[in-house]
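Q: Chains as they are written, first to last, in the working numbering: chain A, 2 to 403; chain B, 60 to 368.
Hints are computed from structural coordinates only; laboratory data are not their basis. Among these hints, one or two may not hold up.
[To be verified] Think about it this way: if two alpha-carbon atoms lie no more than 30 angstroms apart in a straight line, the pair counts; the simulated DSSO-like pairs of lysine-lysine are:
#1 K226/A x K264/B
#2 K342/A x K315/A
#3 K402/A x K49/A
#4 K188/B x K315/A
#5 K314/A x K387/A
#6 K188/B x K321/A
#7 K315/A x K211/A
#8 K131/A x K111/A
#9 K264/B x K111/A
#10 K314/A x K264/B
#11 K342/A x K314/A
#12 K402/A x K387/A
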Amino acid sequence: MTGSPRTPRPGTRRAGVLRPVAGVVAGLAMVGAALTACGGDSNESGTKEFLIGFQGPLSGENQQLGINAYNGVLTAIDLANRTGGLPFTLRIVASDDQGVPEQGPTAAQKLIDNPDVVAVVGPVFSAPTKASEPLYSQTGLLSVSPSATNPKLTDLGFTSFYRVIAPDTVQGAGAAEYLAKVVKAKRVYSLDDRSEYGTGLSGAVELGLKQAGVAYAHDGINPTKDYTSQATKIMADGADAVYYSGYYSDFALLTKALRSKGYDGAILSGDGSNDDQYIRQAGAANAEGTLITCPCSDANTDPAAAGFVSEYKKVNSGLKPGTYSGEAYDATNAIVSVLRKLGTGASRESVLADFGSVDFPGVTKRIRFERNGDVRGSTVYVYEVKDGQRVVLGPVSSLVKP
Amino acid sequence: MGSAEQISQLTIDGLMVGALYAVIALGYTLVYGVLQLINFAHSEVFMLGAFGGLFASRALVPAGATPSGLTSAGLVLFGLVAGALAGAAAAYALERCAYRPLRRRGAPRLAYLISAIGASLFAFNLAGKEFGRQSVPVPDLFTNGTVVTVFGAEISTQSLVIAGTALAMLLAVDHLVAGTRLGQSVRAVAQDAECAGLMGVDVQKVIVVTFVLGGLLAGAGGFLYAMTFNASYTMGFVPGIKAFTAAVLGGIGNVRGAVLGGLLLGLVESFGGYLFDASYKNVIAFTMLVLVLLVRPSGLLGTRLGRPA
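The task is simple: from the sequences and hints, build the whole structure.
A: Structural data, given as structure tokens:
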């Protein structure tokens, strides 16, 4: 949706038979104008307006994770406009990549082509990030992912890519430590969904298991509905824990298949499964007792994030923050902090140039970056499904203490 | 390959999925038998039926509750009936809107194919819009922990119920087609529609009945499928293709062939997924189809049943 349809001026409609036609055309044009996310340089009241892009899955199987992030961005922007005392106003423009790599470049191009977009929050998933970042880097448009955790993403030479979440090397090491010391697994079945995200995470988990001296089996399975024969394979393997590296819709079906065969080992997954949709889709009884690792804390139970939670609820009509909501909020605030410094003269170039030196306390962690774009110092948390709810058990470092 | 336990486990899993394929395959085979037409929108009938059953059972089960015993059985039955009715309604609408106008005009075969694909895309996108684009679970009707052991294979109550219901439906349809007056007229139209019409069979009615019967089965099958694999607007495609494969494998137009093809396909997938890699399931299934068709082009039990209606 590019280009800006002009709304016909009132009073120019012709009378007579043409009138209904003109009315319809005018109506369509107005709808078009409303749908088109291209604003001018300034809004009605004449103040400068900057657009912040959002790229992530707003439709598709795993859309909930994208929606969580989008709502986080929305909260930050709303708050900044209301109370930030900024010399400009901010607006969000969303681009849906459905969480799949094929849609990534198109979604990115849409934001790049919009000259008022000064920075982007996203992409949300790793595979679309890998596909989109070359475009962002070429045009020098800053993109800050709240959640793309594939370790390789910061080694590929992208010049405008930052992320406020730890790479899966950190999560994998934490998960492996937890499996070895708390679950006390003798043998782990590491299964990934063969995606950019899944293989990165399973590789990191396996590396950690190797270092901890825990035996493991590796297997990959493309997302499928039918995990029954995979479950039989896992049972036959005799592993006392399963770690799935993939997204919640598949983890739910895998859990279902394992439980229906009476599997009694530990069942774990990573941040891609960290959503209530997982419990819903697996069924509360099946999900009970399963574990999820995430380099993200739960804002809802973190007293330091109480202000964020109440703002989030206010902006998003009562919804609670989900996985990546807090990260997206922090990513947006990091961008806003740079814009605040640059004032109304900010441009894509200056925002990108200044972003590396961001340093402020976010709700999920202190936001400071390494030279390669990774956020500094991160904690891995473990969640457990208890009574049909995801409950934070705590950071791995505190759980492994005797 | 593992122990005898795993062999029996894989056999039972294969038969369960296979029975579901067979239930859907009957819809393809019945319509093909009567009209010499592959109803490519059948997979969406399956999907819509699943949503029908899902919403019905949701309406009765409060969120988070797991009913037990007779209540569960009653709910399954209720979901099945609702699913079957939704499937039948979808199939009837399909026949009425996508096929009948073409048949009235004596349209060429290709027009039916295009019409089917159009109807299928319509239903698919409408469902995505109306029911959301995430997977939706059927309420838990059984605690998954209760497990029955058969020859060392662990089977949940849910799997037993699904396989049992599917087999009962297959037997009922086989009886209906082979042993009732209605079945007789269906077979008569399949053999020679013109002649059957001259002999006093209401051909139009038989065609509608065939579609509705296929829709009933697909709808109930959709609900059963969603109990294990969750429902989503994309759920029709893969099982639909598999069921079509099963119908062709068994000999399209042949009711028992469809059942045989479905069960066989389920078994091949189950063992194939275990022996090689679960991601190769579809590859294995379709390789088998090609191999069988090379040797027996009319399918395992297939004979050409009739001429175009």
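Q: Hint by hint, note whether the structure agrees.
A: Outcome of the hint check:
no., hint, verdict
1, K226/A x K264/B, "violated, 37 angstroms"
2, K342/A x K315/A, "holds, 27 angstroms"
3, K402/A x K49/A, "violated, 53 angstroms"
4, K188/B x K315/A, "holds, 27 angstroms"
5, K314/A x K387/A, "holds, 24 angstroms"
6, K188/B x K321/A, "holds, 24 angstroms"
7, K315/A x K211/A, "violated, 46 angstroms"
8, K131/A x K111/A, "holds, 17 angstroms"
9, K264/B x K111/A, "violated, 53 angstroms"
10, K314/A x K264/B, "violated, 57 angstroms"
11, K342/A x K314/A, "holds, 28 angstroms"
12, K402/A x K387/A, "holds, 22 angstroms"
The structure fails hints 1, 3, 7, 9 and 10 (numbered hints given earlier, in ascending order).
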